[in-house]
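Participant: Chain B is already provided as a structure; the job is to place chains X and Y on it using the hints.
Residue numbers (my numbering), protein chains in the order written: chain B, 1 to 128; chain X, 1 to 174; chain Y, 1 to 717.
Worth flagging that the hints you see were computed from the coordinates, not collected in a lab. Mixed in with the good hints there might be a few duds.
[Said to hold, decoys possible] Lysine-lysine pairs mimicking DSS-like chemistry, simulated, CA-CA at most 25 Å apart:
id, chain 1, residue 1, chain 2, residue 2
1, B, Lys2, Y, Lys677
2, B, Lys34, Y, Lys464
3, B, Lys34, Y, Lys332
4, X, Lys65, Y, Lys677
5, B, Lys34, B, Lys2
6, Y, Lys402, Y, Lys431
7, B, Lys34, Y, Lys431
8, Y, Lys674, X, Lys65
9, Y, Lys677, B, Lys29
10, B, Lys70, Y, Lys431
11, B, Lys2, B, Lys74
12, Y, Lys416, Y, Lys464
13, Y, Lys674, Y, Lys332
14, Y, Lys416, Y, Lys431
[To be verified] Here's a subset of chain B near chain Y, in silico, CB distances under 10 Å, partners left out:
id, residue
15, Ser10
16, Asn23
17, Leu24
18, Ala25
19, Gly26
20, Pro27
21, Val28
22, Lys29
23, Val31
24, Asn61
25, Glu64
26, Leu69
27, Ser72
28, Thr85
[Claimed, not checked] Listing some non-contacts, in silico: residues in chain Y with all C-beta distances to chain X over 12 Å:
id, residue
29, Ser207
30, Phe208
31, Ile366
32, Arg469
33, Gly685
34, Ala697
Positions of the beta carbon are idealized from the N, C-alpha and C atoms, including for glycine.
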Amino acid sequence: MKRILIVEDSATMRSLIVASLENLAGPVKIVEAKSGFEALRLLPRETFDLVVTDINMPDINGLELASFLKSSEKHASTPLVIVSTEGAERDIQKGLGIGADAYLVKPFDPEALRQIVLDLLAGRAQER
Amino acid sequence: MTSPEVIEEHAGKAADWVGVAREASHAFVAGAAVEERRELVIVQLAAGEYAIPVERIREIVRLAKVTRIPRTPDWLVGVVALRGEILEVVDLRRRLGLPATEATRASRIVVIHGDDDGVAGLLVDSVKGVLRARERDVVPAQGHDFRSVVELVRSGMGFVSILDLDRVLGAGDE
Amino acid sequence: MAAPRARKPGKKTGAGGSRERAETARDGREFVAEAEEILEQMSGDLCLLHEQRHADGDVDPELVHRLFRSAHTLKGLAGLFGLDPISRLAHRFEDILDGLRLGRIDLRARVVGMLDEGAATLLELISGFGRQAELPEAAMARAEHYLAELEQSLAPSPSDALDGLDAPGIDPTLLRALTEYEEHRLRENLQRGRPIVLIDATFDLTSFEDGLTEISAAVRESGEIISTLPSASASAERKICFTLLVATNLAPEQLGRRIDQSNCAFRVVHTGRIDAPANAPAAPPSPGGTDGEKAETLRPADELAEASQSGEPTKIESLRSISGSVRVDIAKLDLLMNLVGELVSHRNALAGIVARLTADSRNARIGADLAKVQKLLDRRLRQLQAGVLDVRMVPLRQVFEKLSRVVRRLRVDLGKEVALEFAGGDTELDKLIVEQLVDPLVHVVRNAFDHALESPDEREAAGKPPIGRIRVAAFQRGNHVVLEVGDDGRGMDVEAIRSKAVSRGLVGAQEVLSEREVLNLVFEAGLSTRDEVSETSGRGVGMDVVRSNLAALGGLVEVSSRRGLGTTITITLPITLAIIQALIVRVGDERYAIPLGSVRETLRAGEQPVLHSEDKEILNLRGSPLLLKNLAYEFGIESDCERERQFVVVLGMGEHRLGLVVDGLEGQQDIVIKPIKGPLQTIHGIAGATELGDRVAVLVVDVSALVLETARRREAA
Chain B
1 MKRILIVEDS ATMRSLIVAS LENLAGPVKI VEAKSGFEAL RLLPRETFDL VVTDINMPDI
61 NGLELASFLK SSEKHASTPL VIVSTEGAER DIQKGLGIGA DAYLVKPFDP EALRQIVLDL
121 LAGRAQER
Chain X
1 MTSPEVIEEH AGKAADWVGV AREASHAFVA GAAVEERREL VIVQLAAGEY AIPVERIREI
61 VRLAKVTRIP RTPDWLVGVV ALRGEILEVV DLRRRLGLPA TEATRASRIV VIHGDDDGVA
121 GLLVDSVKGV LRARERDVVP AQGHDFRSVV ELVRSGMGFV SILDLDRVLG AGDE
Chain Y
1 MAAPRARKPG KKTGAGGSRE RAETARDGRE FVAEAEEILE QMSGDLCLLH EQRHADGDVD
61 PELVHRLFRS AHTLKGLAGL FGLDPISRLA HRFEDILDGL RLGRIDLRAR VVGMLDEGAA
121 TLLELISGFG RQAELPEAAM ARAEHYLAEL EQSLAPSPSD ALDGLDAPGI DPTLLRALTE
181 YEEHRLRENL QRGRPIVLID ATFDLTSFED GLTEISAAVR ESGEIISTLP SASASAERKI
241 CFTLLVATNL APEQLGRRID QSNCAFRVVH TGRIDAPANA PAAPPSPGGT DGEKAETLRP
301 ADELAEASQS GEPTKIESLR SISGSVRVDI AKLDLLMNLV GELVSHRNAL AGIVARLTAD
361 SRNARIGADL AKVQKLLDRR LRQLQAGVLD VRMVPLRQVF EKLSRVVRRL RVDLGKEVAL
421 EFAGGDTELD KLIVEQLVDP LVHVVRNAFD HALESPDERE AAGKPPIGRI RVAAFQRGNH
481 VVLEVGDDGR GMDVEAIRSK AVSRGLVGAQ EVLSEREVLN LVFEAGLSTR DEVSETSGRG
541 VGMDVVRSNL AALGGLVEVS SRRGLGTTIT ITLPITLAII QALIVRVGDE RYAIPLGSVR
601 ETLRAGEQPV LHSEDKEILN LRGSPLLLKN LAYEFGIESD CERERQFVVV LGMGEHRLGL
661 VVDGLEGQQD IVIKPIKGPL QTIHGIAGAT ELGDRVAVLV VDVSALVLET ARRREAA
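Chain B with its partners taken away, still in its complex shape (with noise of 0.2 Å):
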């Protein structure tokens, strides 16, 4: 079972992300923090086959969410994708800087999202 985390503090915003991950292969679980120290309390424990989390949450943002995971050596080769408002060169390059493996901006085309996710899972089996 692939399990997914997505790390998004706007309740709307988590459904449509959820709702665009629906149907994809394989049975698939998907776990939702509603703020990054939600996500801090269940890295510890569970690991994921990938993340997704926003930039702009109240308590830690997305990027260093993301900094923490490449810093765990459970979560270090989990696939990151990041979702965010930020649209700006700069701020696109600083997410995969800090070793997102996707950068999407808001709004996003579920599709994309989709695909995204679906390559990123298969690209992880496939290094078995």
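Facilitator: Chains X and Y in isolation, oriented as in the chain B frame:
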């Protein structure tokens, strides 16, 4: 495999079992080539050994007082209280159709994650250790009429059945 | 690893817009709910903004940042739903706030006035959309006017941003994770000559938020936290490390005194300028940019002058009318509830120890002293409990409003009319229960509207007023709240239900059932009219799900009906799910908890005359017959206790009474009913379990199930 003693030592603390199991196994295979491994905790049930994937295990605790629940199937031992949470304890022997037995000091409750946030406790006779198997040592269980086993893992000279937890726990019906 | 990719949206309003718009109905409601919440937050923050400005001219950058984020989120959400006016308005709002937080605009009265006006217009637009599913004309006109004005009036002061970030000594990993805003804060603090300190702190996974709050409280008095960077602890899985980038006027020793040192290390990375005031008073930096253009504290006269210049009445008062309420995340309430529950547990354990001490003659004195303190503790704990429970209580009106909205839509969809009435909106229930109540209630109302109410012609022919009525009434009865949904429609056909039940095998053809029992069969799984489900009658969810949803809350649902006159569905709910008082009883070797709210009285079994009728036992309770049920028998527990030594616990739920025979009474306790987690989903007769002080799980009896079952059987007798 890591020895039961090492694990026992840690079992006393309320440590995160997954971490311990991982650390213990890492110590054993330090230097091995980087190849995807499956980590399984081996438990004893009647005369046989069974394997449970480590990532589904939340923790392993000693058998505390289990409160019986009236009029429930016999594979449900009852419930235990674990830090404020109330968990059902499933008698894995009965669930797998093995003869029932009395619990002993070695008996343990393996607390696992069900799917969609469920949790449950599995009562086993004892916990033998952690097995770090290579992917190629896992084979499908063909020709066996197991309802709860989908794969087997090679261990020593024989094979150990890997419990398919979702099947074992089913929808709780029966 | 796949190569990193970035995707930008094709069109401004969202490449995926059409797909999302297809689900507008459901999402629209979500959007309105979230948007209203954001706006409420914004009004509160704007109020704070006013206050802070008046106080000392300096404004908390965190506040401005929060306002910015609110506007930003709102803009994004509105954009997704194609609500252009809202999106554009939010965008301009966001621009103002962006300018403020990045120091490009000064915070003058005029600016705040514009923010107020913007927020008010947004509120109008969103509420209007929420009510009518479209944007109100008047509000849109005001929005256009406002936007036009903004174009002309705001001239941002020249930006003084430095291009590079000259911050030696700070780990690049940290710098990489700074958002543009955080970089601005860092630059600003460096410019002001504030010392920059890195605090490395390690916390337990379970308590890092508290630890961080402590540190930030200490820092906020004299500076600000610019960024919080978490990293996994290399050594322990249960720990998490944070590196805080802090600008503060306090020296590390002073900081150290305010913060628990054991898990923190301080590193000064930038010592700040000599001429920077070392012990500056608490005011956080203003977003005003360099000193020369700093926002000054306006005295009332100046402000009035400014206001009259702008030609607009200062709208400061309009935002002050925030109700004295705070929106609280239910998760926080649950956390509080859990904490109180644990306190109760510890208190119980303490009581046990006190009892042991006082019983022992050597320790009697200490025991007595301890007992005194414990009494005080008890009182405070009860007050705390009551307080927390009270916070969780919300009036049912919220649910009524939702029902109104549903019915409004149904009117359109069904092309039918209905007179909807509500009573008892002030009745309060635990927020959790209310949240779970909405779905089943909506289903019940939909059913009534769709199926029970006849067409105007049919009604006239039956001598009824042409427009059907649905009345939803709520009132409190002791420890329960009763909700009645009544209609004056066609009523239920008892015969039809009975024959359907027989054909579905739920009832034997020869079985004798009372009318009431037949009616209540509609809650059986086999009988829900799934084959007649029309689009509007819910998503194929039957009455059986309604009943089990309510049962999960400890509630009871019954139906009564008169053919041709109407139907009434009665829902009885406990007031709160959280901490309740329970009676602990002993049956054989086991203990059980019975919610005290349902206990009318307890008696000694031996003292009462008991009548045996067939296989039932009936007790004469002051002239009324009370049916007895032996809990040991009911639960299949072995008990050889003699009748004389047993007790009868008289349960009452609504009008029903039942006497439970148990072996012993072990006192009252406050307990928290927890759900039983595991593969077995429903356990008959058990509502949940609780952990008593001695770490043992004790099952909580499902009073309503027992009582109702008896009532049903009784009717058949």
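Participant: Indicate, hint by hint, whether the structure satisfies it.
Facilitator: Hint check results:
Of the pairs offered as hints, the one joining Lys2(B) and Lys677(Y) holds, with about 23 Å between alpha carbons and a cut-off of 25 Å not exceeded. With a C-alpha separation of about 52 Å, the suggested pair Lys34(B) and Lys464(Y) falls outside the 25 Å cut-off, and the hint is violated. Among the hinted pairs, Lys34(B) with Lys332(Y) is consistent with the structure: their alpha-carbon atoms are about 13 Å apart, no more than 25 Å. In summary, the hint linking Lys65(X) to Lys677(Y) is supported, as the alpha carbons are separated by about 17 Å, within the 25 Å threshold.
Of the supplied pair hints, the one linking Lys34(B) and Lys2(B) holds, its CA atoms being roughly 20 Å apart against a limit of 25 Å. Note on Lys402(Y) and Lys431(Y): the hinted pairing holds, with a Cα-Cα distance of about 15 Å set against a maximum of 25 Å. Simply put, Lys34(B) and Lys431(Y) have alpha-carbon atoms about 20 Å apart, close enough for the 25 Å limit, and the pair holds. Note on Lys674(Y) and Lys65(X): the hinted pairing holds, with a Cα-Cα distance of about 18 Å set against a maximum of 25 Å.
About 19 Å separates the Cα atoms of Lys677(Y) and Lys29(B), which keeps this hinted pair within 25 Å; it holds. With a CA separation close to 39 Å, the supplied pair Lys70(B) and Lys431(Y) exceeds the 25 Å bound. For the suggested pair Lys2(B) and Lys74(B), the alpha carbons sit about 16 Å apart, so the restraint of at most 25 Å is met. Between Lys416(Y) and Lys464(Y) the alpha-carbon distance is near 16 Å, which keeps this suggested pair within the 25 Å criterion.
Distance check on the hinted pair: Lys674(Y) and Lys332(Y) sit about 17 Å apart at the alpha-carbon level, within 25 Å; holds. A hinted pair counts as satisfied when its Cα atoms are at most 25 Å apart, and Lys416(Y) with Lys431(Y) does not qualify at roughly 32 Å. For the restraint placing Ser10(B) at the interface with chain Y, the shortest Cβ-Cβ distance is roughly 6 Å, inside the 10 Å limit, so the hint holds. At its closest, the beta carbon of Asn23(B) sits 13 Å from a beta carbon of chain Y; the interface hint therefore is violated under the 10 Å criterion.
Given the 10 Å rule on beta carbons, the hint for Leu24(B) is violated: about 16 Å separates it from the nearest Cβ of chain Y. Using the Cβ-Cβ criterion of 10 Å, the hint placing Ala25(B) at the interface with chain Y is not satisfied: the shortest such distance is roughly 17 Å. Look at Gly26(B): its Cβ only gets to about 18 Å from chain Y, farther than 10 Å, so that hint breaks. Interface hint at Pro27(B): violated, since its Cβ lies 18 Å from the closest Cβ of chain Y, which is beyond the 10 Å cut-off.
Annotation: interface hint on Val28(B) violated; nearest CB of chain Y at approximately 18 Å, more than 10 Å. The closest approach between the C-beta of Lys29(B) and any C-beta of chain Y is roughly 17 Å, which is over the 10 Å cut-off, so the hint fails. With 10 Å as the threshold, the beta carbon of Val31(B) stays out of range of chain Y, its nearest partner Cβ sitting at about 15 Å, so the hint is violated. Using the Cβ-Cβ criterion of 10 Å, the hint placing Asn61(B) at the interface with chain Y is satisfied: the shortest such distance is roughly 5 Å.
With a cut of 10 Å, the hint placing Glu64(B) at the interface with chain Y holds, because the nearest CB-to-CB distance is about 5 Å. A cut of 10 Å between beta carbons decides the hint on Leu69(B): the least distance to chain Y is about 9 Å, and the hint holds. Nearest Cβ of chain Y to the Cβ of Ser72(B): about 3 Å, under the 10 Å cut. The hint holds. Contact between Thr85(B) and chain Y, as hinted, is supported at the beta carbon level, the nearest pair being about 5 Å apart and thus within 10 Å.
Every beta carbon of chain X lies more than 12 Å from that of Ser207(Y), the smallest distance being close to 15 Å; the non-interface claim holds. With a least CB separation of 16 Å from chain X, Phe208(Y) remains clear of the 12 Å interface cut-off, as annotated. Listed as outside the interface, Ile366(Y) is consistent with that label: its C-beta sits roughly 30 Å from the nearest C-beta of chain X, beyond the 12 Å cut-off. Every Cβ of chain X is farther than 12 Å from the Cβ of Arg469(Y); the closest lies at roughly 41 Å, confirming the non-interface assignment.
Consistency note on Gly685(Y): stated as away from chain X, yet its beta-carbon is not over 12 Å from all of that chain's, at 7 Å minimum. At roughly 4 Å from the closest C-beta of chain X, the C-beta of Ala697(Y) falls inside 12 Å, breaking its exclusion from the interface.
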